[in-house]
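A.B. asks: Residue numbers (the numbering used here), protein chains in the order written: chain F, 1 to 115; chain Y, 1 to 237.
Hint data in this document are derived by calculation from the structure and do not stem from the laboratory.
Derived pair list, reagent style EDC-like, types lysine to aspartate or glutamate, alpha-carbon separation capped at 20 angstroms:
1. Y:K234 <-> F:E82
2. F:K91 <-> Y:E209
3. Y:K41 <-> Y:E6
4. Y:K111 <-> Y:E186
5. Y:K115 <-> Y:D140
6. Y:K96 <-> Y:D43
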Amino acid sequence: MNRPHRNHPAWWAFAVHRLSGLALALFLPLHFWALGQAIGGEAALDGFLRWTENPLAKFAETGLVVLLAAHLAGGLRVLAIEFLPWSPRQKAAVAVSAGFALAAGLLFLFNVGVA
Amino acid sequence: MSATIEARIWRGGAAGKFETFSVPRRESQTVLDVVTFIQRKLDPTLSYRFACRVGMCGSCAMTVNGRPRWTCRTHVARLGDGPLTVEPLANLPRIKDLAVDMAPFFDKWAKAGGKFVPSAAEGADFARVEPESEARRQADAGIECIGCAVCYSACDLVSWNPDYLGPAALNRAWTLVNDVRDGGQEARLSAVAGDAGCHACHSQQSCREHCPKSLNPTASIAGLKRASLRAAWKGGA
Chain F
1 MNRPHRNHPA WWAFAVHRLS GLALALFLPL HFWALGQAIG GEAALDGFLR WTENPLAKFA
61 ETGLVVLLAA HLAGGLRVLA IEFLPWSPRQ KAAVAVSAGF ALAAGLLFLF NVGVA
Chain Y
1 MSATIEARIW RGGAAGKFET FSVPRRESQT VLDVVTFIQR KLDPTLSYRF ACRVGMCGSC
61 AMTVNGRPRW TCRTHVARLG DGPLTVEPLA NLPRIKDLAV DMAPFFDKWA KAGGKFVPSA
121 AEGADFARVE PESEARRQAD AGIECIGCAV CYSACDLVSW NPDYLGPAAL NRAWTLVNDV
181 RDGGQEARLS AVAGDAGCHA CHSQQSCREH CPKSLNPTAS IAGLKRASLR AAWKGGA
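Chain Y on its own, in the form it takes in the complex:
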């Protein structure tokens, strides 16, 4: 391993170019450490986004050597000895340098019916949900999403159809479809069954492959496809 890392960093917005920095190699160094070193020591005008640094907040995702990754938990040593290329996430508008506009990503969560709709009246007793029930296990499988947009950035369908709701929003919808307390199921299934919804997924599985939390949006979307077909069969959705 060389003593320094040659880091190629995207500078600018939609139009821009790569700028190369030389960063000292350290033990247990993450890609976020490299970007932070550049911003603190080499060029304070570099824009990027992070918060927790421990893989919880989902704000530091970037494209690293062509793949979307959470940079705070991506060790440089595991990427090999070659140059390190860091770009903003794909499929989202570039604001400046490594920061993208996340608004379209989260707007789609709302469009996919990602909001919990309580079915019980206010002040009602706690709902009893059996942890081992099939619906609860399905919801549990998808509920740890940190909203980092890595899956959204890895998805070809999003780049081919900008209206496509994308893996994270559909995964969120699936967790709510399996929430027995929710009262907004019909509207939610209608929202995800459209042209830009779950049936647009081609099961390429890049979302599952890249999710830093090892979630499986492909399986969630397949669940939505079955649920919407069942509803259509019964005359709904």
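If we strip away everything but chain F, and leave its shape as in the complex, we get:
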């Protein structure tokens, strides 16, 4: 259970921003490993990329896109707080960031479906 004083949109936006950042940092070594397959030759990388075509990998990839979009939107929201005059529409800013992340995920899924 989260503590009651944290239960407001800006705190949840902070938590999503922090956790998405951590998750992306944890993913980076995997990303570099995948790119590193190219060192072993074209076939090794192509083999791995073919494996990522499976639905489970695509599903995980969608999650990754959502994380990236959430972290990007959350970062822009924080920059707006710190560098622009204060806006009273903080809840709207959180909602737009969340909407952007989900929309990015849905668009990615849709594209996967079309392809």
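Dock chain Y against chain F, hints included.
C.D. replies: Showing chain Y alone in chain F's frame:
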């Protein structure tokens, strides 16, 4: 609504436990009324702090059902029918029962350059400050702080870094940064730009969410971040 309130009250200092009291429910009853009833009628050894009872002095803040609140203006009826849990403020040393040591909180006001430094010589004429000027409006937005430490208690950054100056002290510094009569700006910006100063704020906004005076320390801290960056850009702070 039941006829009585089941009030769970923290007893002891850092080590202690909750004690449950049954308090008659009344109309327009505040959390401070409940605590006072317990102290006057049920257990005179209960320690707590209050003074004005009308939301001016900032001395009766406590943690009510997990949230920091000014108890004199918090109506029990608005908290629902469940048990009422009252603890001392978080992020401050517990003295006894509901009373905390406020010294670290106010020490940080001093550390953040919270003292006005007059720039004019003694006996000089009154300074003329245009009420509609941008700086005066910025100062006005933060100046009604009553020093209750609700924001300080709600701030995760204070609990993660005990040296962090906290929302109230930084809000105070921001009001002075916008005071055109003040002559201590460079030292103040240096004081708030350190590791435990304004740049440690993560903009979680729990201070703004809980401030009983509806002030916005997050915006004040953002202002300090910009001011200290501007000063660093120009070679100061």
